[in-house]
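Engineer: Please take these sequences and the hints and turn them into a complete structure.
Protein chains: 2
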Amino acid sequence: MSRTIITLSDILGMDKQPRTNLINSLPGIRAANLIGTINEAGITNLAIFNSVVHIGANPPLMGFIMRPVSVERHTYEYLKQTGCFTINHVHEGIYRQAHQTSARYAISEFEATGLTPEYTPAIKAPYVKESLVKIGLTLEEEIPVKANGTILMIGKVQEIILEQDLVNESNILQLGNSGSIGAGGLETYYRLSKIEELPYAKP
Amino acid sequence: MSRTIITLSDILGMDKQPRTNLINSLPGIRAANLIGTINEAGITNLAIFNSVVHIGANPPLMGFIMRPVSVERHTYEYLKQTGCFTINHVHEGIYRQAHQTSARYAISEFEATGLTPEYTPAIKAPYVKESLVKIGLTLEEEIPVKANGTILMIGKVQEIILEQDLVNESNILQLGNSGSIGAGGLETYYRLSKIEELPYAKP
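Sequence order for the protein chains is A and B. For the first sequence, position 13 (counting from the first letter as 1) is numbered 12 according to numbering that gives the first Met the number 0, and the numbering increases by one without interruption. For the second sequence, position 202 (counting from the first letter as 1) is numbered 201 according to numbering that gives the first Met the number 0, and the numbering increases by one without interruption.
Everything labelled a hint here was simulated from the structure, so no lab data went into it. Hints should not be assumed to be uniformly reliable.
All copies of an identical chain are treated as equivalent in the list; a pair is satisfied when it fits inside any one copy or across any two copies.
Claimed, not checked - Here are the simulated DSS-like cross-link-like pairs (lysine-lysine), alpha carbons at most 25 Å apart as the crow flies:
| hint | residue 1 | residue 2 |
| --- | --- | --- |
| 1 | K155 | K145 |
| 2 | K79 | K145 |
| 3 | K79 | K128 |
Structural biologist: See the structure below:
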């Protein structure tokens, strides 16, 4: 078996694109989620993120990493204006449209990609109608990372909308049933199939 | 199609275990990674995490979420003592052992689970020999989350060890080839199969 060792100085010496590709794919699989926002003027934005993480269950908190706001970032700007956002799972039927939201459009990504905004009374920001797992959140905390100017954005879950009976008897979301997919790096998408649900580990 | 709406007050009214299961599985699929650490006395620790995220490519930074250190957390304590840690992808051949590291042992999880520690000159912390993708990092930043006492730990990549030729011509890690798996919530494991690698999105 061949072994490759890539050092920090190798990484720093790489061209930008190969370095971005390598480092973005290093964490392994990550959920592909669409984050929906709206500004004070009612203009919507939709963007794909692969950095949504669990922060805590009680109270229910979820986070995601915003890239530095040194350039215009609608998600950040709109979220700050209205204080809320939605997280929508990407499934196999919409991943090409979801990926396309990462292009730089002058119009709303809903309009550009054909995905459908949907609203509930609880959250001002738009959900993605086509998604089967949708979460509405209010901004709870914004934490700057000194090392490179990224920001950990944390939201409190206000409501969860499941378009089918997608949780099992233990209340665990069944990602095979929701068709939720994963992203490896910025451009590669993966289908999921359950191997096993293991019991809580004891010595 | 049936629709379920779960509100914040529903979530807060749940028993602890169903709430933990639901909220932990909400983000969608996440990478299963083993984090290896060592303390000043040379005692090792190994723990499974599903919160590893990409922070930045230049410099190469990765983060993970530590639960509040209100109780003993060896990963945190050892990492602070020696300033380094390793991230090791979990593949299908070791996921049961990886899951078992979440049990509370009095001995090192390497010894308890039979996974093999492995060392390089660059990083004091142990790698997992059986893993095919291993990353050695030094602690760069530690960011407390006010909302619930969790901590975003950020490390700088010092070296990447790939046990096979696992990146494609664009330098994207091929998670199908590394056998890397995903976790949905705390106890369910998923196999990955590539759907497609899409081009960089343009309007």
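Engineer: Evaluate each hint against the coordinates.
Structural biologist: Here is what the structure says about each hint:
1. K155 - K145: Both ways: K155 and K145 sit 24 Å apart in one copy and 13 Å across, limit 25 Å.
2. K79 - K145: For K79 and K145, both the intra-copy (20 Å) and inter-copy (18 Å) Cα distances are at most 25 Å.
3. K79 - K128: within (23 Å within a copy, 45 Å between copies)
The structure fails none of the hints (numbered hints given earlier).
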